[in-house]
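Whenever a hint applies, use it, and build me the whole structure from the sequences.
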Amino acid sequence: MATSPAAAPDLIPPQLRARLKGIQISARQAAGPQGFGLHQSQNRGAGLEFSQYRAYEPGDELRQVDWKLYARSDRFFVRESERDSPLDLWILIDTSASMAQEDRARIGWSRLDAARTLAACLIEVALRQGDRFGLAMIGGEGLRVSGLGAGARHRDRCVLELRRLAAAGAWPDEARLRPLWEHVAARSLVVFLGDTFDEDVVRLVERLAAARRDVLNLQILTTEERDFPFLGGHRFRDPETGEELIADGAAARDGFIARFAAARAALAKRLAAGGIRHVEYVLDEPLDLPLRRLFSAGRVA
Numbered sequence: 001m002a003t004s005p006a007a008a009p010d011l012i013p014p015q016l017r018a019r020l021k022g023i024q025i026s027a028r029q030a031a032g033p034q035g036f037g038l039h040q041s042q043n044r045g046a047g048l049e050f051s052q053y054r055a056y057e058p059g060d061e062l063r064q065v066d067w068k069l070y071a072r073s074d075r076f077f078v079r080e081s082e083r084d085s086p087l088d089l090w091i092l093i094d095t096s097a098s099m100a101q102e103d104r105a106r107i108g109w110s111r112l113d114a115a116r117t118l119a120a121c122l123i124e125v126a127l128r129q130g131d132r133f134g135l136a137m138i139g140g141e142g143l144r145v146s147g148l149g150a151g152a153r154h155r156d157r158c159v160l161e162l163r164r165l166a167a168a169g170a171w172p173d174e175a176r177l178r179p180l181w182e183h184v185a186a187r188s189l190v191v192f193l194g195d196t197f198d199e200d201v202v203r204l205v206e207r208l209a210a211a212r213r214d215v216l217n218l219q220i221l222t223t224e225e226r227d228f229p230f231l232g233g234h235r236f237r238d239p240e241t242g243e244e245l246i247a248d249g250a251a252a253r254d255g256f257i258a259r260f261a262a263a264r265a266a267l268a269k270r271l272a273a274g275g276i277r278h279v280e281y282v283l284d285e286p287l288d289l290p291l292r293r294l295f296s297a298g299r300v301a
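Mapping to full-length UniProt numbering: the sequence shown position 73 is 73, numbers consecutive.
Just so you know, nobody snuck in bad clues.
Quick list of in silico lysine to aspartate or glutamate cross-link-like pairs, DMTMM-like style, CA-CA up to 25 Å: (1) K269 with D200; (2) K269 with D195; (3) K21 with D113.
The calculated label-pair distances, taken between Cβ atoms and stated as ranges, are: (4) E141 with A250: 35 to 45 Å; (5) K68 with T241: 53 to 63 Å; (6) E244 with A55: 46 to 56 Å; (7) L16 with E224: 16 to 26 Å; (8) S73 with T241: 47 to 57 Å; (9) G274 with P172: 20 to 30 Å; (10) W109 with F76: 43 to 53 Å; (11) R212 with I257: 36 to 46 Å; (12) P286 with A211: 29 to 39 Å; (13) P86 with A250: 47 to 57 Å; (14) P286 with D74: 50 to 60 Å; (15) I246 with G108: 20 to 30 Å.
Honestly, the hints are just simulated from the structure, not real lab data.
A virtual CB, placed ideally from N, CA and C, is assigned to each residue, including glycine.
Shown next as structure tokens:
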């Protein structure tokens, strides 16, 4: 008897799932201002039509090494070819305590909830394209990885991992993240989901990009950070450090909005300088909007 793949635990509302049909994920940056090109565009890889040699890098498959050239030069080179091929998509999720932040206007919907659903959307698109995908979840418990795989069963395993996520603790130190480099090979497409406020987070995505990973940063913001609607006296508390600030909301609003806008602009400029595509998502926006900003053939305002 023929069987069909088990349905994934539902993290994607039907209307959102329908809007994903126009999104295609690609690891190749298109020329000009249009962002990332279509998935079917040609990429260099281990195909049949020879294109060029390049120096071996950690993560390359040994079968791509040209051993005859090594015998002549005593250096490792990899044969690259032009091909259409699936990609390896890694979704990195910040699960530190700041990701638990919600807006008062929508209690029960946090940054982490948005990251969870965005990750599920990315997995669904990758599944449709025949790509491999994996998860790396980084927070107070350190690093947890659900390795690369493909197909509906692996999709369901990843979605179950997403359902188990909880936001807690601080961003781990660099030593606890070292296993990440064993999983995320060169030329993988990496999408980072988080608030991107921590300097250690920014350094990690910069290092990944410098090491020939194709890195995209999707920064998740709350509406209260964007609008600062507070009136009267408020106690503002950093969920990771515990640092507190008591201030009058109305008096602090203009200064906060100006400083926050400057910080966001500085981050965008810094990531662009590192070759990292960066978009913002605010919790009251449609969830497919940041994905369209990253991956649609035309830019979305």
